[in-house]
Structures are given as C-alpha cells and as structure tokens.
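So the chains spell out like this:
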Amino acid sequence: NAGVTQTPKFQVLKTGQSMTLQCAQDMNHNSMYWYRQDPGMGLRLIYYSASEGTTDKGEVPNGYNVSRLNKREFSLRLESAAPSQTSVYFCASSESRSQPQHFGDGTRLSIL
Amino acid sequence: DQQVKQNSPSLSVQEGRISILNCDYTNSMFDYFLWYKKYPAEGPTFLISISSIKDKNEDGRFTVFLNKSAKHLSLHIVPSQPGDSAVYFCAVTTSGTYKYIFGTGTRLKVLA
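Line order of the protein sequences matches chains U and A. Residue numbers for the first sequence follow the working numbering, beginning at 1 and rising by one. Residue numbers for the second sequence follow the working numbering, beginning at 1 and rising by one.
Only chain A is shown next, with the shape it has when bound in the complex (with noise of 0.2 angstroms):
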C-alpha cells in the first residue's frame, strides 16, 4: 500500500511555461515533506523543503505547495528550463525519525 503518490509518471512542458508537480499522502502524521530533483546516472538532489506548519515555500523558480486536508503536495517550476528536464521524487517523513519515504517520481521534460 503506497503511502506516497506520485501519480504522473512523466510530463512534458515548453520552455518558460510553468510546471506542476503533484504528489499525493495517505498519513496525516507526516509533517515534513522534500523534492529531490534526479538526472541519469547521478543521485537525487535536494531541491526544496517544506513543514507542515507552513503551506508554500519559494526558492528562486522553485516553489512548493502543502495542502494538508488533501494531504496533497506540488512543486511549481516558473519559468521552465531545459535544465530543468529530470526525475522528480516527493519525499514525506516525520519529524523525529530517521525515515523518509520516496515517491515513485515524475520524468519531466522541458521543450526547447
């Protein structure tokens, strides 16, 4: 049973349109929630962070959304980059633990 959804495999965009990444939770005890960016070959990368106490936080282009009564998740890219064009993982954990859980993460392809 999936506790984290990714539900968008991939997604393609034009370059300097916005895009919308979405991750969706079943456990209302997470309360603290990451994006990881990947390109092939490399390991995930940090990207943005969010707690549960707040419901947006922006870094630069990258902005991420919290829903908690959906229990909903999204990371908005404005403008897009073909740099941008990577594996997109949510990942959700408690705080206190040592546990993060990953999603299965969405292939983003930025259009020249």
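Excised from the complex, chain U in its bound form (with noise of 0.2 angstroms):
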C-alpha cells in the first residue's frame, strides 16, 4: 500500500547542476501537485497537474518546469538549480480539485 512514492529522498547538488526528482501514485487519482517546505514557512504550491496531459503554475514556479508523464507520475525538474531552491519538496495527489491531499515522504534537496 505505497500511496504516494517520492524519489530519491535526498540529493545534494551544486549550483548549475540539473535534477529531476520523481513522484509516483497508486491510488488511481486525477490530481497531482508539487510543494516546498522551507524552515518557518507552511507548504507553497510549485506546479500542479489537474489531469493527465495538463499541467498549471503554482504560488512559486521560477526555476521548475514539471511533466506529467502519465496518470501515475509526475516528475519535477530543476535546470539550473540555485542554492535559493534549497528545500523539502513533498508530491501530492488527491482524486479531484478540493479534495485531502495524499504526501509523499518528500525528498531533502541541499544546493551547494
């Protein structure tokens, strides 16, 4: 019963260097989003993908880009990554809009 499978978990990079971290879900949901958790601040929304083959900005998507790749995965890619996005970034799903939300464990990203 895996839910919500976030790879890897921890990663350091250095500045410049690309990274795609992925997300996938088993529970069959529309919905799948991106957040970062950042010290003293809740989780903001990067990307979310309302179904398959769309995908729309959240509060804070500069230096993101996202795909979804088909109905169970949702990947999230850093291009050129900046110690700023120094993070835990958390995957989520849910069955449609204004329904609970499923977490992954997230994965701890460190940007030297």
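Just so you know, the hints here were simulated from the structure itself, not pulled from any lab data. Among the hints, erroneous ones may be present.
Here are the simulated lysine-lysine pairs, DSS-like style, with alpha carbons at most 30 angstroms apart [what the hints assert, rightly or not]: (1) A:Lys-37 with U:Lys-9; (2) A:Lys-109 with U:Lys-57; (3) U:Lys-71 with A:Lys-56; (4) U:Lys-9 with A:Lys-5; (5) U:Lys-57 with A:Lys-99; (6) A:Lys-71 with A:Lys-5.
It should be emphasised that the depicted structure is a prediction, and the values quoted were computed from it without experimental measurement.
Relying on the hints, combine the two individually framed chains into one complex.
Structure, rendered in structure tokens:
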C-alpha cells in the first residue's frame, strides 16, 4: 500500500546542476501536486496537474519545470539549481480538486 | 502577506488533556478547510476537514470548529496522547480550485 512514492529521498547538488525529482502514485488519482517546504514557512505550491496531460503554475514556479508523464507519474525538474532551491520537496495527489491531498515522504534537496 | 496564520509555533499538553490548535485566515472566499499532521521525515497526513456550510466536524478524538465570522479554525484533540506529538498544519482552499494555502504549522508535544 505505497500511496505516493518520491525518489530520491536525499540529494546534494552543486549550483548549476540539473536534477529531476520523481513522483508516482498508485491510488488512481487524477490530480497531482509539487510543494516545497522551507523553515518557518508552510508548504508552498510549485506546480500542479489537474489531470493527465495538463499542468499549471502554483505560487512559486520560477526555476522549475514539470511533466505529467501519465496518470501515475508527475516529475519536477530543476534545470539549473540555485542555493535558494535548497528545500524539502513534497509530491501529493488527490482524486480531484477540493479533495484531501495525500503526500509522499519528501525529497530533501541541498544545493551548494 | 500571509493569508493563513498559525500564531502558535509550539504547544505542550499533558497526556489525557485537551489540545487546541488554532488557525486564522484572511479571505472570506475560502470555503474548505483541512488539518494535516506531520511526523519528522514523513509527509503530511490528512486528518480532518470541514466545509463552510458546517461549523463543526468530529472524527473520533479530533474535532474541527469553524467560525466564519471570525475567520478562525481550530482543531481539538481529546484526550491527547503521546502519539499525537507532531506538527499540525491547517490548509484552506476555495471549492473548485486546486490551490491550497498552508499555515506555517504548530508543533504539538504531548507529555506523558
């Protein structure tokens, strides 16, 4: 009963390197989300995908790209990592809008 | 400008007593409210929700209260147990959208 699986769990990058964070859900949910969590702040929405084939910007999309590969998978890409992108990244999914979101355990990303 | 505020960063409660966690929001357009619990190194877990047509929702030891006129949300845990020790986030949204706004969290410690 995996739910939402994120890989990797930890990653250290150098400034300027690229990286793709992977997310997969096995609950047959239509909608998927990427958040970042920084100290002293709540989770902030980076991008979301309402359904397979669609993606939209959230609150803090700059410096990121996403791909909804299929109904199960939603990836987040950092093309040129910056120290300001050091954060914990969470992927989530929900059956539809305005439904509770189910979260993965996060990817802790450090950019030096 | 924070649209959702959890003004108490931390709270300590004796086992068996009531824990009350608070959340304030600014926009009266929000009409769906949720509470999540987060343990270290794990993703947030959905706990309980309430829509704006209600002022109370109960699920076992957890009750959420909504005061629309005050734009205030609270979570009551009775009785509190040591396993409830976690960070609690409130989240708000407007029906029909995919965007949730999270508070900064309150760290609850239940003392045995």
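Which of the listed hints are broken here? Numbers 2 and 3 - these are the hints that the structure violates, sorted from lowest upward.
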